[in-house]
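When you read off a place in the sequence shown, starting at 1, and then add 130, the result is the number in the numbering used here.
Source of the hints: derived by calculation from the structure; they are not laboratory data.
Among the clues, some could well be false.
Said to hold, decoys possible - Dumping the calculated DMTMM-like pairs for lysine to aspartate or glutamate here, alpha-carbon to alpha-carbon at most 20 Å: (1) K142 x D184; (2) K142 x D214; (3) K142 x D202.
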Amino acid sequence: MADQSSSVALPKRAVRAAREFVAAHGKPSRAVVEHLGRAGARVVLIGADGALGDVVVPDMATAEAAREAVADLEPADWDRETTDAVTIGAAHRRRMAGPRAKR
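Start from the sequences, fold in the hints, and give me the full structure.
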């Protein structure tokens, strides 16, 4: 994948956001790269403390390159180990529920 990252223009904002996430939520953190279709790709960040974050970029190559550019960000899949590492609190559940949470 190193060949891809050399030809991909990394969005500085995405790399900075991922680095700040790792600094705030512990090392090592994990990154799951997901294809979003025409919207691009999403790098889902899972901190050592179980926090969730994400960065959206134009395509899969950029997502992989961004993940590789951040130290202490390990590649991951949505396997049992990764899902068990996620801690979802009540505030996050309400935010994800959106208008339904007010019912």
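- Those earlier numbered hints the structure runs against, lowest number first: 2
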